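Residue numbers (the numbering used here), protein chains in the order written: chain A, 478 to 591; chain B, 45 to 153.
The hints are simulated quantities; they were obtained by calculation from the structure and are not laboratory data. A few of these clues could be false.
In the DSS-like style, the derived pairs of lysine-lysine whose C-alpha atoms are separated by at most 30 angstroms in a straight line are [as the list claims (entries may be wrong)]: (1) B/K71 with B/K104; (2) B/K113 with A/K534; (3) A/K534 with B/K61; (4) B/K100 with B/K82; (5) B/K95 with B/K82; (6) B/K113 with B/K100; (7) B/K104 with A/K534; (8) A/K534 with A/K490; (9) A/K534 with B/K82; (10) B/K108 with B/K82; (11) B/K108 with B/K61; (12) B/K112 with B/K80; (13) B/K95 with B/K108; (14) B/K82 with B/K71; (15) B/K61 with A/K490; (16) B/K82 with B/K104; (17) B/K80 with A/K490; (18) B/K108 with B/K71; (19) A/K534 with B/K80; (20) A/K534 with B/K71; (21) B/K112 with B/K95; (22) B/K113 with B/K61; (23) B/K100 with B/K61; (24) B/K100 with B/K80.
Quick partial rundown of chain B residues pointing at chain A, CB under 10 angstroms, derived from the structure [claimed, not checked]: (25) P52; (26) T72; (27) Y77; (28) G86; (29) I88; (30) F89; (31) M91; (32) E111; (33) I120; (34) A122; (35) G134; (36) G136; (37) K140; (38) L141; (39) F143; (40) A145.
Keep in mind the model is a prediction, meaning the values are calculated, not measured. All residues carry an ideal CB built from backbone N, CA and C; glycine is no exception.
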Amino acid sequence: KAGVTQTPRYLIKTRGQQVTLSCSPISGHRSVSWYQQTPGQGLQFLFEYFSETQRNKGNFPGRFSGRQFSNSRSEMNVSTLELGDSALYLCASTPSPERNTEAFFGQGTRLTVV
Amino acid sequence: SQELEQSPQSLIVQEGKNLTINCTSSKTLYGLYWYKQKYGEGLIFLMMLQKGGEEKSHEKITAKLDEKKQQSSLHITASQPSHAGIYLCGAGNDYKLSFGAGTTVTVRA
C-alpha cells in the first residue's frame with residue numbers, strides 16, 4: 478500500500494510569487510491535514526479536510542489556502558510568498574473521519590523562498 | 045490551544061543503553077501520538093495511545109499514557125544507531141494534532 482505522497486519534494490520560489498503543493502493520501506483515506514514545520518515554531522497545524530470540506534483551520538494568514546478534491550487528493554496554495562514562508566510542509570492522512578485516529582505523514586515539501 | 049512539553053530537549057545515549065522521553069500536556073489527553081523524524085524528512089508513525097494506563101510496544105520502543113497526569117512517556121530499550129532522530133509527541137483534538145517541540149536523540153557507538 479503506497480504511503481502519503483507529496484509533490485514536489487523541493488521547491489524554490491521568489492518573494493511575491495505563489496506556490497501550490499500537492500498531497501495524495503493513502504488509498505482509502507479521506508481526511509487530509511496540512512502542517513508547517515520551521516525551526517523556530519516547530520510543527521504547526523494549517524488546515525484539515527474531509528470529503529472536500531474544511532473542518533478546521535489553524536492560525537495562519539489568508540494567503541494560505543487549501544482544497545480537497547473528490548478523490549481525496551489535496552492541494553495547498555500560498556500566495557504572495559514571504560521569506561518567512563520557507564519551511565517544510567507536511568501532509569497527513571487518516572483512515573477515518575473520526576477524531577483521534579492514526580495519522581500518517583508524507584515526506585514533505587521543502588519550500589525555500591528567496 | 046493544547047500545549048505539549050517534551051523533555052529532555054535532547055539526549056545522547058551510548059549504544060545499548062535505555063532512554064526515556066516524556067511528554068506533558070496542558071490539557072486532558074484524548075489521543076497521544078508518538079512520531080519519529082529524521083532531519084528534514086517526514087514523520088514516521090510509531091504508536092497512538094488513547095486510554096489512561098494504556099501501554100503499547102513495538103520492537104524495542106514502549107509508550108505509556110498516564111491520563112490523570114496528562115503525561116506520556118516513550119522508552120527505548122537497548123538503543124541502536126537506528127533509533128537516532130527526533131521524537132515528537134502529538135495530541136489529537138478537533139481534527140488536528142498539536143505537537144511538542146521534539147526530543148533529539150543521538151546514539152553513540
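Hint-by-hint comparison with the structure:
Restraint check for B/K71 and B/K104: satisfied, since their Cα atoms lie roughly 29 angstroms apart, inside the 30 angstroms limit. A hinted pair counts as satisfied when its Cα atoms are at most 30 angstroms apart, and B/K113 with A/K534 qualifies at roughly 29 angstroms. Distance hint between A/K534 and B/K61 is unfulfilled; the C-alpha atoms sit about 42 angstroms from each other, more than 30 angstroms. A C-alpha spacing of about 22 angstroms is found between B/K100 and B/K82, which places the hinted pair at or below 30 angstroms, so the restraint holds.
The straight-line distance between the Cα atoms of B/K95 and B/K82 is roughly 28 angstroms, inside the 30 angstroms bound, and the hint therefore holds. Using a Cα cut-off of 30 angstroms, the hinted pair B/K113 and B/K100 holds, with the two alpha carbons roughly 18 angstroms apart. Restraint check for B/K104 and A/K534: the C-alpha separation of about 36 angstroms exceeds 30 angstroms, so the hint is violated. The suggested pairing of A/K534 with A/K490 holds, with an alpha-carbon distance near 25 angstroms, which does not exceed 30 angstroms.
With a C-alpha separation of about 27 angstroms, the suggested pair A/K534 and B/K82 falls inside the 30 angstroms cut-off, and the hint holds. Taken as a hint, the B/K108 and B/K82 pair is honoured in the structure, with Cα atoms around 23 angstroms apart against an allowance of 30 angstroms. For the proposed pair B/K108 and B/K61, the alpha carbon gap of about 19 angstroms is at most 30 angstroms, so the pair holds. Pair hint B/K112 plus B/K80 holds up; C-alpha atoms about 25 angstroms apart against a cutoff of 30 angstroms.
Distance restraint check for B/K95 and B/K108: the Cα-Cα separation of roughly 10 angstroms lies within the 30 angstroms cut-off, and the hinted pair is therefore satisfied. Distance hint between B/K82 and B/K71 is fulfilled; the C-alpha atoms sit about 28 angstroms from each other, no more than 30 angstroms. Proximity of B/K61 to A/K490 is assessed by CA-CA distance (about 44 angstroms); at most 30 angstroms being required, the pair is judged violated. Simply put, B/K82 and B/K104 have alpha-carbon atoms about 18 angstroms apart, close enough for the 30 angstroms limit, and the pair holds.
A distance of roughly 29 angstroms separates the Cα atoms of B/K80 and A/K490; the hinted pair therefore holds under the 30 angstroms criterion. A distance of roughly 17 angstroms separates the Cα atoms of B/K108 and B/K71; the hinted pair therefore holds under the 30 angstroms criterion. At most 30 angstroms may separate the alpha-carbon atoms for a hinted pair to count; A/K534 and B/K80 meet this at roughly 25 angstroms. Our distance criterion of 30 angstroms between C-alpha atoms is met by A/K534 and B/K71, whose separation comes to about 20 angstroms.
For the given pair, B/K112 sits about 10 angstroms from B/K95 by alpha-carbon distance, which is consistent with the 30 angstroms threshold. Taking the CA atoms of B/K113 and B/K61, the gap is near 27 angstroms; set against the 30 angstroms cutoff, the hint holds. Restraint check for B/K100 and B/K61: the C-alpha separation of about 20 angstroms stays at or below 30 angstroms, so the hint holds. About 16 angstroms separates the Cα atoms of B/K100 and B/K80, which keeps this hinted pair within 30 angstroms; it holds.
This hint is violated: B/P52 has a C-beta 16 angstroms from the nearest C-beta of chain A, more than the 10 angstroms allowed. A cut of 10 angstroms between beta carbons decides the hint on B/T72: the least distance to chain A is about 12 angstroms, and the hint is violated. This hint holds: B/Y77 has a C-beta 7 angstroms from the nearest C-beta of chain A, less than the 10 angstroms allowed. With a least beta-carbon distance of about 4 angstroms to chain A, the hint placing B/G86 at the interface is held under the 10 angstroms criterion.
Checking B/I88 against chain A by beta carbon gives a least distance of about 8 angstroms; that is within 10 angstroms, so the hint holds. For B/F89, the suggested interface contact is upheld, since its CB lies about 5 angstroms from the closest CB of chain A, less than 10 angstroms. Below 10 angstroms, beta-carbon pairs count as interface contacts, and B/M91 has one with chain A at about 9 angstroms; its hint therefore holds. Interface restraint check for B/E111: the shortest CB-CB distance to chain A comes to about 13 angstroms, outside 10 angstroms, so the restraint is violated.
Interface restraint check for B/I120: the shortest CB-CB distance to chain A comes to about 21 angstroms, outside 10 angstroms, so the restraint is violated. Because the closest C-beta pair between B/A122 and chain A is about 26 angstroms apart, greater than 10 angstroms, the hint is violated. At about 8 angstroms, the closest approach between the beta carbon of B/G134 and any beta carbon in chain A falls short of 10 angstroms, and the interface hint on this residue holds. For B/G136, the shortest C-beta to C-beta distance to chain A is roughly 4 angstroms, which falls under 10 angstroms, so the interface hint holds.
Among the interface hints, the one on B/K140 holds; its C-beta lies about 4 angstroms from the nearest C-beta in chain A, closer than the 10 angstroms criterion. With 10 angstroms as the threshold, the beta carbon of B/L141 comes within range of chain A, its nearest partner Cβ sitting at about 6 angstroms, so the hint holds. Residue-level restraint check for B/F143 holds (minimum Cβ-Cβ distance to chain A is 4 angstroms; threshold 10 angstroms). Given hint, B/A145 at the interface with chain A, holds; its Cβ is 5 angstroms from that chain's nearest Cβ, closer than 10 angstroms.
Checked against the numbered hints given earlier, the structure breaks hints 3, 7, 15, 25, 26, 32, 33, 34 and satisfies all the rest.
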